[in-house]
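Asker: Given next are the chains, with one letter for each unit.
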Amino acid sequence: MIHILLRDLEIPDIWQFDTYTANGGYDGLKKAVHDLSPAETIQIVMDSNLRGRGGAGFSTGRKWSFIPKDAETTYVVVNADESEPGTFKDRQLLEKNPHQVIEGAMLAAYAIQAAAVYVYCRGEFWDLAHALEDRIEEARQANLVGDDILGTGWDCDVHVHLGAGAYICGEESALLNSLQGLLGQPRVRPPFPAQMGGGLYYQPTVVNNVETLANVPWIIVNGADAYKKIGTPESPGTKIFCVSGHVAKPGNYEIPLGLTFRELIYDHAGGILNGKRLKAILPSGASGPVLKATDEVLDAPLTYESVAALGSTLGSASFILMDEDTDMVWAAAKMIHFFKDESCGKCTPCREGTYWLDKIYARLLRGEGTAHDLEMLEKVPNQIAGVTLCALGDFAVNPVLATLEHFRDEYEQYIHQPEFGPEPAQAL
Amino acid sequence: MTKTATIMIDDQTYQVPDGINLVDAAKLHGITIPVFCYHPKMESVGMCRMCLVELGSISVNRDTGEPDLNDDGSPVVRWFPKLQTACTQTVRDGTVVRTSTAQVLEARDNILEFILTSHPLDCPICDKGGECPLQNLTMAYGPGRSNFIYDDKLHLDKHVPLGELIYLDRERCIQCARCTRFCDELVGDDVLAFHERGRSLQIVTISDPPFDTKFSGNTTDICPVGALTTADFRFGARPWELDEVPTICPHCPVGCNLSASTRIDRDFGGKKMIKRIMPRQNELVNEIWTCDKGRFGHHHSRAADRLQHPMMRQGGEWVKIDWATAYHQIASKLKKYADSAGFLAGPTLSNEDLWELRQLAELTGDTPRLGVWPAAMTGAGVVAQVGIGVNTRLQDVGPETAILVIASDLEEEAPIWWLQIKQAADRGAAVVVANARETKLDRVTHTVVHYDYGDAVAVLNSFAARARSRRKTSKALLDNRVDGYDDLAAGLKGTRVPFADAADVLLDAENVIVFAGAEGLTLDQHRELMQAAANLLIITGHVGRQNNGLVPVWPGANVQGALDIGFSPETTASLIDEPPAMWFIGGADPAADDSQAAHVLANAEFVVVGAQFMTATAAQADIILPRQSFAEREGTYTNGMRRVQRFYAAQGPVGDALPDWTIYAQIGARLKGPKPPVSAAAVMRAITQHVPRYAGMGYSSLAHVEAQFPDVGGDDLYYGGTAYANHGGLGVQWATDAEDDSARLVVRPAQIEKPEKSGDLCIVPVRLLYDRGPLFEPSDIMHQRVPEPYLELNSQDAAHLSIADGDRVMVTAGEIQIETAARVNGHAPEGVVLWPRRLAHGPAPALFSACSVQKIEE
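Protein chains in written order, with this note's numbering: chain A, 10 to 437; chain B, 81 to 938.
Treat the hints with caution; some may be incorrect.
The calculated DMTMM-like cross-link candidates involving lysine to aspartate or glutamate, where the alpha carbons are at most 20 Å apart (straight line), are [unchecked claim]: (1) A/Lys388 with B/Glu186; (2) B/Lys233 with A/Glu377; (3) A/Lys343 with B/Asp232; (4) B/Lys520 with B/Asp270; (5) A/Lys301 with A/Asp334.
Chain B regions said to be covered by chain A (calculated; three or more residues, Cβ under 8 Å) [unchecked claim]: (6) 118-127; (7) 190-199; (8) 228-237; (9) 272-278.
Derived CB-CB ranges, DEER-like [unchecked claim]: (10) B/Asp189 with A/Glu305: 34 to 40 Å; (11) B/Asp189 with A/Phe75: 34 to 40 Å; (12) A/Phe75 with B/Gly886: 30 to 36 Å; (13) B/Gly349 with A/Gly190: 53 to 59 Å.
Treat the hints as calculated values from the structure; they're not laboratory data. If you're wondering where the values come from, they're calculated on a predicted model, not measured in any experiment. In this text, a Cβ means the ideal position worked out from N, Cα and C, and glycines have one as well.
Could you build the full structure based on these sequences and the hints that come with them?
Answerer: Here it is as structure tokens:
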């Protein structure tokens with residue numbers, strides 16, 4: 010099994026600068042600044058067809074190529090806000106293989122000739138962020154970060170910034186606002202971050218996920234063709250799958266894209282806890298539609314395009330597995346409660362709609378649900394989806410619509426048999 | 081707006097100015113795209129999602145540039161797959177939008193249903209009810225019934241004070257952020273913010289004192305619901321009971337167009353009273369804003385201690401007399417003293433009052449002495465030459481324009497101009513702030529000139545010298561229209577240019593506007609400052625055009641009118657130096673402002689004072705004439721940009737008080753003058769016939785209104801506030817000589833006269849917006865905003881005197897001795913004691929009077 014990212018599994022000390030460099034660390038950055046032009050660097054990443062690991066799966070090289078060539082000041086922002094429920098891959102990368110993330114970020118910075126790199130860590134990562142600053146200092150001492158990098162005259166420092174613990178700040182434009190000291194709310198787009206007026210301090214900015222950047226050093230050293238040999242043509246490379254829930258061996262699994270759901274869940278993650286049957290899969294945390302664990306799903310390959318074809322999304326690959334005893338209404342209620350808490354409140358449908366849905370679920374779980382509530386669970390999500398300022402509104406309706414589609418009978422039981430369910434019916 | 085774009089709205093083709101907001105473009109043609117968060121004065125944020133429309137663009141063939149056509153000949157439209165917010169779009173050729181399809185109507189219905197889920201629907205007790213965008217749009221587009229279960233509604237605090245002026249009703253708030261954006265973006269005061277997120281998102285004030293901005297009231301106008309209300313008006317009346325009366329703010333030279341919302345009210349003896357003041361849209365003056373002094377400072381018009389009857393002093397007692405007696409007494413005194421009478425007009429006298437006062441004065445002699453008060457600023461002739469160009473719109477000013485503000489603390493003296501200049505700076509205008517001390521305007525620019533008090537004229541002279549040395553002079557103007565240039569040039573030769581960078585900012589701009597105040601300047605120095613400003617503007621050719629020219633920051637609402645009608649500050653100075661035997665004073669309070677004037681009045685033989693209150697000056701009168709406030713009568717004011725503007729009678733009468741013009745005309749009639757005019761309009765007609773600059777400014781032309789852009793004051797359902805609509809007139813601005821190609825322009829060397837430093841510490845009076853002047857003090861609601869009397873000391877000076885910030889001190893300046901508080905915050909230059917005018921009652925020391933300051937030990 011090849012580990013491009015979770016190299017700490019083979020080299021436990023790779024977080025140390027000397028160990029990292031002894032194992033080829035920073036060779037990619039050295040190669041780029043000495044032998045490649047920024048444009049060539051972008052081209053290699055574009056040719057590798059590396060796709061963004063934060064959730065959207067957009068081509069990383071293309072994203073970099075959108076930076077206007079005449080831009081005077083550009084930035085790279087590393088999205089380490091890892092806040093999707095069930096996602097814990099970036100934490101492992103930053104803790105166990107941090108220099109690879111720094112090197113990837115510096116490669117992105119070199120490709121767009123950025124003035125600075127900002128690493129935006131979620132607020133709960135404070136311990137990790139402090140350690141990361143030490144790692145950056147090591148790189149700075151080695152002239153890999155900071156002024157006159159490797160004697161090339163190029164200056165670019167890396168700064169770590171801690172968020173304040175808001176899910177929405179994983180959304181890139183809200184992240185940029187938060188980084189600027191503004192309220193963490195998404196911006197109107199266009200302009201997009203890569204465009205003038207859309208990025209950090211309104212300068213063109215590349216925002217990449219931690220895992221995405223961690224792929225880049227390998228690609229620069231080994232070339233785009235080598236990378237494309239891993240995974241599938243549309244979804245090349247390896248991907249870290251965060252497997253949690255009712256599973257025997259929860260954890261991060263880095264596997265080539267293109268293996269099947271079944272291989273991931275049963276071969277790598279040890280199958281379902283206590284030998285129970287798998288009922289449902291959330292392939293991308295709370296934000297992607299839940300999949301019913303049918304054979305069609307289990308035998309489908311884990312690629313961006315095939316998961317999309319199943320009606321869900323690979324997203325950040327946070328696999329939350331639910332066994333046969335899981336109450337899907339309860340699960341949806343949990344997710345809606347999460348989105349209601351995390352809606353930033355900027356735009357009306359998401360702010361009001363998630364509040365409304367949360368009220369309905371609370372009533373269902375209390376055993377006081379009515380047919381009107383079920384009607385509303387079908388109507389309200391459609392009032393939210395497609396008209397919100399950012400994607401959070403669209404994500405927020407997925408738990409409702411997908412569980413209604415696959416598990417409608419469980420909802421009906423809540424209405425007709427109020428005593429059903431893990432939480433007893435309670436009067437107000 | 082030269083370029084137009086061809087767009088399609090609801091399958092009809094329209095021409096609109098290119099690049100304007102789609103919501104505004106539709107509104108221009110009477111098509112409603114409803115909004116809550118969007119406001120044409122602010123950047124769009126796309127938050128409320130009310131303006132969702134179907135949006136597309138006409139597909140154009142890349143090679144030919146021609147539109148692609150369908151088989152039926154209609155253009156191919158590329159539609160966005162999802163609905164888009166109209167407010168985040170600017171129009172360009174080929175924009176296509178559908179505003180009323182089933183999909184759009186359903187989306188609006190849905191958004192309204194969402195907004196109403198969290199709204200308390202307490203319209204029957206809400207101040208906004210009746211002029212509420214949410215109420216209006218719910219009626220127009222709402223679902224009629226809600227699917228939301230009422231018991232699920234979130235209830236929040238309803239009476240949250242954001243400071244003492246503005247109250248927040250948390251459950252009415254729809255999180256549109258208009259108020260926070262107004263404070264953050266337009267004003268730049270960091271006072272309001274959102275707290276929390278999601279459905280808990282709420283407005284909080286983050287300043288101490290709370291909501292610490294001079295523009296807070298504007299947030300209640302732009303609030304699209306009843307979430308923000310003023311302490312002045314909340315629960316005071318229902319909008320539909322109110323009669324909106326157009327008026328003009330009497331407090332400063334901006335001349336904000338206001339609307340007095342009036343009602344017959346038991347609180348005012350069953351007479352019509354002002355329930356609130358709101359801004360009235362005039363894009364050429366205050367746009368849709370006003371400051372909190374203008375909004376909340378109207379209570380003087382119905383203050384309990386207003387003078388109600390004419391009174392005469394008899395044996396040290398005030399005796400009530402009737403008007404006939406008053407007229408007769410005064411007429412006989414004027415006959416007696418004839419040309420040894422002096423006339424003094426205050427800054428809130430209307431043009432009609434001023435005209436009739438002059439008519440009265442002229443009955444006493446051929447060259448009556450007509451003074452204006454405050455006599456702090458002069459330059460009528462300079463303004464007539466190079467005053468700001470006609471139709472200047474400060475809100476259009478951008479990178480092509482440089483604005484110099486000199487010798488003025490503009491936020492305190494003319495807040496709306498400050499606001500407009502701040503926004504111009506945001507749009508890229510180059511702002512140069514020149515003063516002897518730091519002012520709040522400094523923060524909008526990098527180009528700040530701090531000179532020593534007394535050097536203001538030298539700074540402007542050096543700018544003119546720089547213009548010459550850099551050959552930035554206007555040859556066309558100098559060759560053909562300017563007199564006196566050789567003298568000026570000779571005078572400028574060898575002038576040192578200590579602030580060359582600031583000079584270059586002005587010289588490199590396409591347009592230059594100069595705002596000139598008089599802080600730290602004597603009247604003589606101010607005359608030279610105005611001339612120096614005129615010199616600079618003339619030789620560089622920045623005159624006679626829109627967005628170019630000089631704006632004096634006059635010390636009052638109608639000082640410009642007084643100068644236009646023939647009153648002068650120089651005469652005032654001579655009246656104090658060579659006092660007349662009889663004083664006739666209208667609407668001025670020199671005794672409170674100037675200890676020398678107080679002394680002179682005390683020694684006069686006979687003093688007549690027209691006043692609203694028993695001021696220090698009125699207290700020295702032999703006869704007091706109760707004058708009506710701006711609220712009870714009609715009239716016109718001429719603002720600092722020479723715009724003559726009408727105000728209308730908004731309030732029922734108080735006692736026997738009369739408009740000044742009536743009083744003066746009645747006295748005149750007893751001096752064999754003409755029959756008194758029957759109306760203010762008739763007086764204005766006389767002015768138009770005798771004052772050439774006012775020709776054609778009859779009351780009907782002053783009341784003329786044209787469509788304005790952006791249109792915020794119309795009958796739309798979504799901008800809210802019924803008061804914006806301007807039914808009172810946009811006013812008429814008189815043109816300067818510079819705008820007349822055949823007129824000569826005169827320059828002359830401006831003399832630098834350094835003040836005599838009479839001691840180690842000298843007093844420099846400064847103007848504050850919130851003071852204890854007679855027209856502001858009756859507004860109790862503002863008392864927390866008026867600082868306790870203080871003076872400001874330089875930190876070095878304070879250290880020498882062992883005085884710390886906040887210490888009580890005794891100040892002695894000549895005969896004046898006052899106990900007050902000391903502020904030491906780094907704003908006062910060394911050797912200078914800043915003395916806020918009208919903060920303390922009692923006599924005020926003159927400019928540059930020597931003083932001593934002693935700490936009072938506890």
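Asker: Hint by hint, note whether the structure agrees.
Answerer: Verification of the supplied hints:
1. Among the hinted pairs, A/Lys388 with B/Glu186 is consistent with the structure: their alpha-carbon atoms are about 12 Å apart, no more than 20 Å.
2. A distance of roughly 17 Å separates the Cα atoms of B/Lys233 and A/Glu377; the hinted pair therefore holds under the 20 Å criterion.
3. As the CA atoms of A/Lys343 and B/Asp232 are separated by approximately 18 Å, the hinted pair is consistent with the 20 Å bound.
4. For a cut-off of 20 Å, the pair hint linking B/Lys520 to B/Asp270 stands: about 13 Å separates their Cα positions.
5. Between A/Lys301 and A/Asp334 the alpha-carbon distance is near 14 Å, which keeps this suggested pair within the 20 Å criterion.
6. Coverage of a stretch by a chain is defined here by at least three residues with a beta carbon nearer than 8 Å to that chain's beta carbons; for the stretch 118-127 of chain B and chain A the count is 4, and the condition holds.
7. Coverage of the stretch 190-199 of chain B by chain A holds in this model, with 7 residues showing a Cβ closer than 8 Å to a Cβ of that chain against a need of three.
8. Residue count for the stretch 228-237 of chain B with a Cβ under 8 Å from a Cβ of chain A: 4. That meets the three needed, and the coverage hint holds.
9. For the stretch 272-278 of chain B, the stated coverage by chain A is satisfied: 5 residues place a CB nearer than 8 Å to a CB of that chain, which reaches the threshold of 3.
10. Between B/Asp189 and A/Glu305 the beta carbons are some 38 Å apart, a value that agrees with the proposed interval 34 to 40 Å.
11. At about 37 Å, the beta-carbon gap between B/Asp189 and A/Phe75 stays in the expected band of 34 to 40 Å.
12. Against the hinted window of 30 to 36 Å, the Cβ-Cβ separation of A/Phe75 and B/Gly886 comes to about 56 Å, which falls outside the hint.
13. Against the hinted window of 53 to 59 Å, the Cβ-Cβ separation of B/Gly349 and A/Gly190 comes to about 54 Å, which satisfies the hint.
When held up to the earlier numbered hints, the structure conflicts with hint 12 and nothing else.
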